[in-house]
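There are 2 protein chains.
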Amino acid sequence: MFSKEVYVRRRAALLEKMRSEGQSGLVLFIGNAEAPAQYKNNCYKWRQESSWLYFFGIDEPLYAAVLDIDSGEETIFANDVELDDIIWMGPQTPVREKALAVGVKNSAPLSKLEECLEKAAGRDVHFLPPSRYYNTMRLEALLPGKTPSEALTKAVIGLRIIKEDIEIQEIDKACDLGIQMHSVARDAIRLGIVEQEIVGLMEGIALAKGWGTSFPTILTQHGETLHNHLHDKVIEPGKLMVIDAGVENNMHYASDFTRTYPTSGKFTTKQREIYQIVFECNELAFSLTKPGVTYREVHLATARKMLEGLSALGLVKGDLDEMVAAGIAGLFQPHGLGHNMGLDVHDMEDLGENLVGYEPGQTRARQLGLGSLRMARHLAPGYVITDEPGIYFIPALIEKFKREGLGGDFVNYQALEGYYDFGGIRLEDDVLVTADGARRLGSGRLPISPDDVEKAMAK
Amino acid sequence: MFSKEVYVRRRAALLEKMRSEGQSGLVLFIGNAEAPAQYKNNCYKWRQESSWLYFFGIDEPLYAAVLDIDSGEETIFANDVELDDIIWMGPQTPVREKALAVGVKNSAPLSKLEECLEKAAGRDVHFLPPSRYYNTMRLEALLPGKTPSEALTKAVIGLRIIKEDIEIQEIDKACDLGIQMHSVARDAIRLGIVEQEIVGLMEGIALAKGWGTSFPTILTQHGETLHNHLHDKVIEPGKLMVIDAGVENNMHYASDFTRTYPTSGKFTTKQREIYQIVFECNELAFSLTKPGVTYREVHLATARKMLEGLSALGLVKGDLDEMVAAGIAGLFQPHGLGHNMGLDVHDMEDLGENLVGYEPGQTRARQLGLGSLRMARHLAPGYVITDEPGIYFIPALIEKFKREGLGGDFVNYQALEGYYDFGGIRLEDDVLVTADGARRLGSGRLPISPDDVEKAMAK
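Those protein sequence lines, which keep their order, are chains A and B.
Under the numbering used here, the first sequence has 232 at position 232, and the numbering climbs by one with no breaks.
Under the numbering used here, the second sequence has 129 at position 129, and the numbering climbs by one with no breaks.
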């Protein structure tokens, strides 16, 4: 946990923001409950709700809190362990002490929460969109028919999106663990073993040193299948292996890196040509990342660079600006360039992708690729974002473009047929926007140039 | 997945059981949905509902099924992936084919489930107690105000409690992985490292070779705290480290072993004395395990053995049978001797502990220890149970016994004061009840005698 002052400051800033937006009433936070995997005594690994962690830090189930926007009064609701439970759980710190440790003076049993909300009848009660089934049920029971507060959601996003120095230190640590995990994975690639073996090795490191992985690891020789969490294939020669994985450290900050490796240790000429384009897009995006520009512009600049490279290989043809405008890059990279990252790997995605990644006046494109961009905002110091261009040859998508004429005259479908068994490449770093530019997070960088990757794999 | 015939046979047996109990109407099964950890695109590792796995095998989210007890008609409800989704997910097998592969002839989109239940208005709809918040919400939406069916619950327990040969093979595999994982953990014990490091190593093996661990690993130098999932302590000399952990294999069968190691590699005299008692209790329980006896009797026989050993050390005194009757063993082992194990590590615990572990005519004791016994039934061939005696010195519990006079004249509280920093010992194997006795599951056995443990740690 951070020091008491951190949480006090954050909550004060939240209430100040709410007041400055003309809001009044109460703010209700509901922490997570344990999530049963099979039955109530066999749960998934405990994970607290991220906004709760941000404002209250207490990393335990079944907590709630109410903040009074008008009076500033703060109360934490949770149950103390009963005497008999101490026999099973060992000595426990009382709720009152835990609340005081994060600067909240009032605490009460959970059963008093209903009462507190009843007393507030007629006043606004602001709460965030729930992220789990339990929280949905709990909110519906407490405040039947009420909907989440957009004012609160925006105020929370406004705070969490700018990372404090102490948060950046944690993200740097999560990145160092992520780099360590990826390095072990790279060194473990061997023809003939099952992908799952490497995934186990990776998750073991994440669990030994941190909370675990920050999202389900993608490790596949079919990188062109973007939503692919199977790891049941034997590693075969001549394939490209996409590894997209990150660590959540013990303070619950995420990292998220992607590298793509030739399973045989050396790229084929064809693989290297495409890899080089993705690598240059990654480097370009980083070089353009600085306060004042929008990440939408950076996305489009990398799309242009990508089309330039593909054009040189004869896979597309035509004017680059026209191709960018026509969304041709989306055929090869149907996802966005990156997303915010922090306490969640897609930071605050439960609060609403558009509220997190788009400013008033920015509307989300409907085009393939650009339409999936999770982060379009003007960049500002303290933003932490991912830089993750990719090129994939997705037969079903290419066929759809051809069938529906979506590629105009820009796409060389005949040449693309030679890439139907290519797979995909994605290269991802985590980036902090600084006062005058950007810094890659973590104290080193995973080998990324095609030469460096081959060198690392030869070791 | 098992072959089609397995699932066809199990469902036929279920409906036959329901009919023979005079039941009619429909049986509704709701499979699991993905469980969000932070937001809907960042979920915990996918785990299907166990009874769904048992009767339908399809290991994917958002499936449901209706069986008609009267007509025998079977329908699986699930949505096919849409054309556009194939772009992201790769080619997918249609629901219809998946249903046929487990012998279900009818399939329909999930949206037809409501219609199917509406058509059945007036007929009974039997369903199992839900195990997750999602399933609770879903059932409440489908069948508002209805409660789970005890007839169905009992019929399902009646089938799942007797393990088929193909299931025993899977449990043997899960045990072999569990033994491998425990062996690595034992070899990794080193003074000065943090417990979490070993846990990561263990989980890595479970994930590399199987689905993962079958429950959150217990690895602690405070074995006396039974509900302890923290792993943040540095390993210190002279302690006892309890490791209670199992693997769930890729067919979702569980293993569950416990061993206790002296952190310094050698037991102290005091540790060895207590360890020897627990070891003998484990051996005794196994030797008594055979068809016809109740596991309640086995529990009580080990309780007697335990008190005999503690008596020889002067920690308790008095007539052994009187002490057993007075529940004095519960002061040292406040939990039961074991539980059923199968697709869940506490098999079918979501269906109700008493229905699973107790027969008509058996009532659960209220005594500490015996009252926590999850499995009391007459043993029968095909039962898979754990054998896990333990001795713990829990200061808060000893003080409570002393304060409230719960130990009568049997307990030597003064002698026990010398054990307040002892910790705890538990030794657990997984056991199959056979036609004429019992077999320990897995192809080997983790070293368990005090000499063998010291020898293994010296390597």
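Keep in mind that the hints are not guaranteed to be accurate.
In this list, chains with the same sequence are indistinguishable; a pair is considered to hold if it fits within one copy or across any two.
Straight-line alpha carbon distances no greater than 25 Å define the calculated DMTMM-like cross-link-like pairs of lysine to aspartate or glutamate that follow [what the hints assert, rightly or not]:
1. K45 to D232
2. K112 to E399
3. K290 to E115
4. K154 to D70
5. K40 to E150
6. K45 to D436
7. K402 to D85
8. K40 to D451
9. K146 to E399
10. K4 to D436
11. K402 to D452
12. K105 to E417
13. K146 to D321
14. K266 to E118
15. K400 to D85
16. K146 to D187
17. K317 to E167
Bear in mind the hints are in silico, worked out from the structure with no lab data behind them.
- Item | Up to 25 Å CA-CA - D321 versus K146, copy category | neither (47 Å within a copy, 61 Å between copies)
- Give the relationship of K4 and D436 under a CA distance limit of 25 Å: within one copy only, between copies only, both, or neither. neither (31 Å within a copy, 63 Å between copies)
- Message: Treating 25 Å as the Cα threshold, decide for K45 and D436: within, between, both or neither.
- Response: So K45 and D436 fail the 25 Å test inside a copy (40 Å) and across (40 Å) alike.
- Item | 25 Å Cα threshold - placement of E115 relative to K290 | Neither: 49 Å inside a copy, 55 Å across copies.
- Task: If the cutoff is 25 Å on CA atoms, where do K402 and D452 land: within, between, both or neither? Let me know, please.
- Result: Classified as neither: same-chain Cα gap 37 Å, cross-chain 69 Å, threshold 25 Å.
- Query: From the Cα coordinates, with 25 Å as the cut-off, is the pair K266 and E118 best called within, between, both, or neither?
  - Reply: neither (67 Å within a copy, 61 Å between copies)
- Query: Between copies, within a copy, both or neither: which fits K40 and E150 at Cα up to 25 Å?
  - Reply: between (33 Å within a copy, 19 Å between copies)
- Using 25 Å as the alpha carbon limit, work out where K112 and E399 are close: within a copy, between copies, both or neither. Neither way: K112 and E399 sit 60 Å apart in one copy and 32 Å across, limit 25 Å.
- Query: Under a CA distance limit of 25 Å, which applies to K402 and D85: within one copy, between copies, both, or neither?
  - Reply: Close across copies (17 Å), not inside one copy (65 Å); limit 25 Å.
- Query: Between copies, within a copy, both or neither: which fits K146 and D187 at Cα up to 25 Å?
  - Reply: neither (52 Å within a copy, 55 Å between copies)
- Message: For K105 and E417, with the copy left unspecified, which applies at a CA distance of at most 25 Å: within, between, both, or neither?
- Response: neither (67 Å within a copy, 38 Å between copies)
- Message: If the cut is 25 Å between Cα atoms, do K40 and D451 qualify within a copy, between copies, both or neither?
- Response: Neither: 51 Å inside a chain and 38 Å across chains, both beyond 25 Å.
Comparing the model with each numbered hint stated earlier shows that hints 2, 3, 6, 8, 9, 10, 11, 12, 13, 14, 16, 17 do not hold.
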